[in-house]
Each structure stands twice: as structure tokens, then as C-alpha cells.
Amino acid sequence: MTPMQLIFIFTAVASTVAAIMVVTRRNMVHAALFLVMTLFGVAVAFVLLEAPFLAVVQVVVYIGAIAILMIFAVMLTRNVTDDESGHPFNANVRLALLSAVFVFSLLVVTLGGWAQFSAIAPFANTSGAVAQLGEALAAADGYVLAFEVASMLLLGALVGAIFVVWPRQAEND
Amino acid sequence: MIPLSWYLVWAAALFAVGLFGVLARKNIIAILMGVELMLNAVNINLVAFWRYLDVRDITGHAFALMVFAVAAAEVAVGLALVISLYRRRQTVAADEVDLLKW
Amino acid sequence: MMDPLVALGDWLLSLAAKINLPPAVSQVILYLLGVSVIATVALVITIFNTWLERKIAARLQDRIGPNRVGPWGLLQPIADAIKMLTKEDTTPAAADKVAYNIAPILAVVSVLLIWAVIPFTSVWYGTKLNVAVLYIAAVGSFGVLAVLMAGWSSNNKYALLGAFRAVSQLISYEVPLFLSLLVPVLLARSMDISVIVEKQGSFLEMFVVAAPLAALLFFISSVAEVGRTPFDLLEAESEIVAGYHIEYSGFKFGMFQAGEFMHTFTIGALTALLFLGGWQGPLVDQYPILGLVYFMGKSFAVYFVTMWMRSTLPRIRIDHMQALNWKILVPVALVLLMLTPLVDYFTKDLGVLFSAFPGSPGELTLTWRTAALLLTNLVVGIGALDIIRRTSKRNTKARQRFPERAVARPPKEEAA
Amino acid sequence: MLDNWLFIGIFVLVAGVFPAMPIIMFHLFGPKRSTPQKLETYECGMETVGQTWVQFKVQYYIYALVFLVFDVELIFLYPWAVAFDTLPLLGVVAGVLFIFLLADGLWYAWQKGALEWS
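Residue numbers (our numbering), protein chains in the order written: chain V, 1 to 173; chain R, 1001 to 1102; chain Y, 2001 to 2416; chain W, 3001 to 3118.
No lab work stands behind these hints, which were simulated from the structure alone.
Quantities reported herein were computed from a predicted structural model and do not represent experimental measurements.
Here a beta-carbon is modelled for each residue, glycine too, at the ideal position from N, C-alpha and C.
Just so you know, not all the hints are guaranteed correct.
[As the list claims (entries may be wrong)] FRET-style restraints, in silico, Cβ to Cβ: (1) D2003(Y) - K3112(W): 51 to 61 Å; (2) P3088(W) - W2368(Y): 14 to 24 Å; (3) K2327(Y) - W114(V): 23 to 33 Å; (4) A2093(Y) - P3031(W): 17 to 27 Å; (5) W2072(Y) - P3031(W): 39 to 49 Å; (6) N92(V) - V2098(Y): 23 to 33 Å; (7) I2064(Y) - A14(V): 47 to 57 Å; (8) F3100(W) - R2390(Y): 15 to 25 Å; (9) S127(V) - D2003(Y): 17 to 27 Å; (10) R1087(R) - L2204(Y): 51 to 61 Å; (11) V101(V) - K2083(Y): 56 to 66 Å.
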């Protein structure tokens, strides 16, 4: 077993356990902190996959922004009766567990039948990936449309979210 | 070296855990966290395929970035709805908000 | 001339090869040594800075500053550390123990990690990442998390409120910070800090000449990131209790302070690297060791400016703090970012036009491009100042309708 | 390239140990004379009233929201800036348009009054 494999196994196990904590913790702040752990594990995986740009993006976007927003929302909506006591799950918990296990085994079985399932990474120079990505994002035969659509999507999200969350006059009193 | 299958199985596990969270949790914010886990699992797959199949084809990277954008938009609007809902109904439990059920 | 540190590394590697260590292990050991050296250097500079800062702040305020412990009070930081060690370590009974203890460590880690990508000279650096600029941004987001964890885990209303305020300030100022970080990346076409430094060979090539406005935006928003005066309203010790670290005592509190001090100097270093040319300077090609002198000199110069600001400017109000960010810094940065690539693109081939004139076209292009970018920066900066002045005039008019009431005015002469 | 990240990984470990060491030592050897009063929540000597949870302003969420959107948009711009030398005019204009749309969102938030701290 190579050191890289050890690092991978450690990361994968830690982040999967953290993910299980995310969906089972009653205390939502704890859940959010475990979510941060999982997301960090995914960032480590991106490094192992030689995509360091996505690894830092993962940390900047998910840990730096999305997780913070989640914690903010948890604190803005914290209800005394809601998080410390009471059951975190709804009535369908058994069904949910069953379907999660089903989806997992389905995915593994389906992918297991694929010829390249246990492929080994080809030796390749990945250092130019960021420049290549930037070029592709702004090229007419690349993803320039997706680039602009992403911008529109985020603009829409910003406008929509502010519209939804901004208190109307009637609510203020 | 790490075979591709490890990444795929791990991503499938994360996806399943996220799915369980989405289906089973009461708290809407927890459901959104489950969605984030599922999106992350997708991202691992995209990047793993990029690395293991063809490094010159940057599609995996580009789509992973799109997933980031979609995740951010989803969280922004979703949490805004949760906060707005909380201020009107004093609840963040998904099964207490079933006005659109019928 | 062989660099002493590189030679030392080679010698250690050969030594490891002699005792038949596998190359991977010796590599890890070498990295471990390098990491420890960099981290120690960062900490030692921080400790020195606590003394320097008090000394300079004192001189600026016409005081003497620490002068009892050791010559010129140089041993004051050690005395402070001993004092801190004798304080009691309390963890509030209601606190969330794990998060409460991790938060101060995370606060230091988030700053210390930046030092992994800082090049001290052309050959002394931790490591070269091709995403170093974004790496710095990523590491900074752990600092935000540390603040939020500290505030929440203390289980104290004031701490939580302080954390909310602190986080909203930190993330707000991250926007102009990231926006202005994009300008050096755009000018150097690389996110690698070593490459960014290499592109700033001469004085005219320094990015502060081509993009002074971006440098200013970067500097202001980084100072706000650290939460130093004039942006220290999170812990305004004379007004509110303490902010998010109210429940911390002893060394854990010291960690937050150490993180803040280290961050301030790190900002000086980053400004020096990204905008002032880092280790570049005259004669640096012959004597690479001079690079360290230049880098440290530039860093301490920027650091001195932050200290100067600290001891002269009054604290900013919270609504002003947010307005400064969202209504001045971010729009200015956005306009600058829209113009910079266009100007850059259209002046890229300008040298060809002037190739009929004497002088090498390449150099001419560079000068023209720098001049055009400088002009853009100045136009945007002066335009922004003009708009601010006009809007503030409107505000003064509004204020004149409700004239300020004199609090203590001596009775008028004719009344007497 | 993974070599660089091995260095970063070791740095993460060492950077964690550096501040943790004094804290642990302090925890072991520092003075400990705690009383229940000392471990109470610090509120200037007053008894704590009610829960720690207090109603926060929605303002905090709005700032975090605008930050999130800007953050994600900027992520797209960094590779664009790195590849700037090879971009055609269309690519440059696409990036500028992207930033313009970003500015639009800020303008909306400003007009809505969402950026005021009240």
C-alpha cells in the first residue's frame, strides 16, 4: 500500500463518517461543522486527483462561503424547541435508509460492470489545466455560453434571494 | 496508485449519505446540507473521470465549476426561503410546511 | 555562487542517501525541516513585531513605550508570554468544549498557512503553487470559520453577537480583497506568487505603478480583514466588552492576538510581493541574498503604514464600515476590473505601431501599457473621489436643514 | 506537482501543532483554581438571562449572500485572467460582460436598500 493510498483511505473514511454525522446530528451547528469536515475531505481528494485549482475553489466556495451562509441561516432560524430536543428525522426514516442503501449498491454494481472501473491514472502533465480551463471558458467553441449563463444564474439567485428575504413594509411592525 | 474505483465508490457513498439526509431529515437546512453532499459526490466523479480518462479534455473541470455555481445559487435561494418561512411561520421543519401538498 | 540553504538541503539529502533512507522518507524529513523553519521564522517575526508595534505606536503618540525589560524593552514579549502562562485557563461550563478549543488554533493556522507560499528570495521559498493566490484566499476562509466557532462555542450572547459582526465584516471585505487580487493575476497572467514577483523586474514593472488603485484597495480591505484600527469595531475595547473572544483567557486568548499580529505582518508581506516586487531590486541577480533584504524592507515599510494608521486614525462606525465596503470599495474595484482587461488587451500590440521609432518595441510596449493602465487607474480613482465628494455634498445640505446643536457653547457676547 | 502539495500537507500538520503545543502545555501546567462562579458565562457580573439565542438581523444574511455570489463569480474569473494572453477579443469581452453582470447584482441590492446598515 503506497502512502498516497493511505492518505486517500484516511480522507475518504474521515469525510464519509463526517457526512454521516451531518445527516444524523440534532444540533445543526455541529452538523454544519461536520459538513465543513466533509467538504475539506473532498478538497483533499481534488488535490490527490491533481486538480489543485478545484481544491482551492472547493475551500473558498464551500467552506468560506456556503458553510458560513449555512451557519448564519441556522443561527437566524434557531428555534428553542427545535434543535436540542425532538427527533431529527421524519416518519420516512426507514424508507429513506433503504433507498439510500439501494442507490449506493445500484451505483456500485452498475459502475462495477464498466470496463474501466479499476483503471489506473495515466501519467499526465496537469499543470496547464487552469490556463486551459480559462481558455475554454471564454472560447466561442468552448463554454462561453455556460460562462455567461452561470453569471446570469448567480445574478438571478442574488436578486431572487434578496427579494425573498428582504422584509416587506407590512412585516416590519 | 489509487484505482479509479476507489473514488467512484467513495463518491457513491457520499451520494447515498446525502440522499438519506435529504429524504429523512425534518430540518430544511439539514436537507440542503444533504443536497450539498450529493453535489460534492458528483464533483468528485467529474474530476476523477477527467484525471483518469483524458486530461487534455477540460470538460470535467468546466462542469465541476458549473456545479459550484449551481450549488451556490441553490443554497442562496434555498436558505433565503427558509429564513423567510421562519419569520412567517416560526418553523424550519419540512413536514410542517405542506401548503403545496394538494 | 551557491545558495547556502540549497547547499544545506543537498547535503542533508546526500547524508540521508548514505544511511540508506528511502528517498521518499528523506524528502518528507527535509520538508518537515523546511516547514518548521518557515513557521518558526513567522512566529519569531510576530513576537518581534509585538515589541516593535508598541514601541512605534508609543513614539507616534509621544510616549516611550516598553523600556524596562531588557535593553530598549526588547525582552518585553517574553515577559508578556510568562505573564500569559501564569493566567488561569478557564473554559466556561456552558461552552461547547471541542469547538471552543479548536477555534484559537484555527485562528493561528489560517494565518500561518499563508507563509507556505511566500517567496523570501528567488531561491528561498516554501513551495511554488500554480494557484497560490487562490490558496491564500482559501486559507483566509478558515479564519472566518475560527471566528464563528469561537463566538458560537462560548455560549455567550455577547460573544455570538461579536462573532456575527466580525464575520459580516470579514466576508464583506473579502469581496474587494478578491477583486483586487485579480488585478495582479491579470497583469502577470499567473496565480503563482513567484511568477508574479518575477514579472516585476524593474521599478516601472512593479504592479503598484500599473495598478496603484488596486494596490490601495487590496491594502485597505486587508487591513479590514485583520480588524485593526480603524476597522477594530469588533473588539472596540473602550466601547463593548470584547467581541467574539470574550470568554477566552490566558494562552487561548493569546492565540487570537498572535494570529492578529501575524496577519498584520503577513499583509505587509503580501502587498510587497503582489504590488511592490517582493525580492526584486537592484543587484539581486548577482547576490540573491539581497532579495531577502529588499523583501523584508518592503514588508516592514507596509507594516509601518498599518501601525501609523493604527495610532492616528479614529475607529470607524459600523454603518460607515459597511458603506465604505459596499458603496465605495466594491464598485470601484468592479469598474477597475472592467477597464483593466480592455486597456490591457488593446495596448498589448501597441508596440508594433511605434516600432518605426527608435528604441526596442518590446520595452516601448511595456512602457505604453503601464502608462495606459496607470492612466485608467487614475481616472477611475479621481472619478470615484469626485462622485464621493458630490454625494457627500448632498449629505451636508441635508445636514444643514437640521443644524447641529451646540453642546457647550459659551454665551454670546452681546447677551452678556 | 503533488510534491508541492505534500509540502502544504506537512505545513498544515505543523501549523496545527505549533499553536496547539502551548495550549496543551498550558492546560497541563497552568494554574487551575476554578470555582463554579468562574465558569459562568461572562456578562459583566450579571446573571445570564434567557437563552444564548437572540434574534439576529436579516442584514447579516444579506451581506453573506452578496459575498457568496461574488465569491463564486470571481472563481470563474481567475482562470480567465490566467489564460488572458491567449484569449481572442471575444473572450476578453465575455469576461468584461461577466463582471458587468456581477455589478448588476450589486446595483440591485443597492437600489433595494439591502446594503444599508440600519
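- Which numbered hints does this structure break? 3, 5
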